[in-house]
Amino acid sequence: MTSPPRRLLAALALSLLAHGLPFVSDFLPRPRAAPPRPLVAELRPPAAPLPETPPLFLPEQPAAKPEPPPPPPTARPPEPRRPKLVPAPSRTWQEEVKRQFRKLHEAGLFYPEEAIARGLEGEALVLLILDADGNAVAVRLETSSGHGILDQAALRAARSLRSLPGDASRETLIPVRFRLR
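Note that this note's numbering has the sequence shown beginning at 152, numbered continuously upward.
One or more hints might be untrue.
What the hints assert, rightly or not - Across the chosen pairs, the derived CB separations fall in these ranges:
{"hint": "1", "residue 1": "Ile267", "residue 2": "Glu322", "range": "30 to 40 Å"}
{"hint": "2", "residue 1": "Ser295", "residue 2": "Arg242", "range": "27 to 37 Å"}
{"hint": "3", "residue 1": "Leu167", "residue 2": "Glu193", "range": "52 to 62 Å"}
{"hint": "4", "residue 1": "Gln303", "residue 2": "Arg253", "range": "17 to 27 Å"}
{"hint": "5", "residue 1": "Ser295", "residue 2": "Arg253", "range": "22 to 32 Å"}
{"hint": "6", "residue 1": "Ala289", "residue 2": "His256", "range": "16 to 26 Å"}
{"hint": "7", "residue 1": "His170", "residue 2": "Ile280", "range": "45 to 55 Å"}
{"hint": "8", "residue 1": "Leu168", "residue 2": "Ser295", "range": "12 to 22 Å"}
{"hint": "9", "residue 1": "Leu292", "residue 2": "Ala258", "range": "15 to 25 Å"}
{"hint": "10", "residue 1": "Ile280", "residue 2": "Ala161", "range": "23 to 33 Å"}
{"hint": "11", "residue 1": "Lys254", "residue 2": "Ile280", "range": "16 to 26 Å"}
Hints were generated in silico from the structure; no laboratory data involved. All C-beta atoms in this analysis are idealised placements derived from N, C-alpha and C, irrespective of residue type, glycine included.
Could you build the full structure based on these sequences and the hints that come with them?
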């Protein structure tokens, strides 16, 4: 059996050899590729001319009678043009989130009373994952507000989001701000 230093030296030598081969291969002469064969083209005599075909004569069509001119249009006043109604711009998903959060706040469900009593403020960043109907199916706290009670309130508020417009991306980060006035 070989001693540990010999095994170590053998392993190092093998490693150096394996890692050095790509560099050594750049300096070795490479076999030259055979020169491309010259292109050989053969000229052929032109094909025999086609027999001349006699021109086709179509029978003459009788001249069509001109149609009588259409009767003059009756004088009708032009229909008044009505301006096209442009639909009111729909809300963006950000506006809808604010509206739903405001609704929670008005119902007293947004800012926890304990946090208000303690004078806690902060901003949490929540990852919101929506289904095809715009409803929150999963939420995750990405950045804490610094207060556990506000973080939990931010997650509750994000879970309550429903029917966001179709322009909302399926995964988005939303800031949830808690400010005392």
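Hint check results:
| no. | hint | result |
| --- | --- | --- |
| 1 | Ile267 with Glu322: 30 to 40 Å | holds (31 Å) |
| 2 | Ser295 with Arg242: 27 to 37 Å | holds (29 Å) |
| 3 | Leu167 with Glu193: 52 to 62 Å | holds (58 Å) |
| 4 | Gln303 with Arg253: 17 to 27 Å | holds (20 Å) |
| 5 | Ser295 with Arg253: 22 to 32 Å | holds (23 Å) |
| 6 | Ala289 with His256: 16 to 26 Å | holds (23 Å) |
| 7 | His170 with Ile280: 45 to 55 Å | holds (46 Å) |
| 8 | Leu168 with Ser295: 12 to 22 Å | violated (54 Å) |
| 9 | Leu292 with Ala258: 15 to 25 Å | holds (23 Å) |
| 10 | Ile280 with Ala161: 23 to 33 Å | violated (55 Å) |
| 11 | Lys254 with Ile280: 16 to 26 Å | holds (22 Å) |
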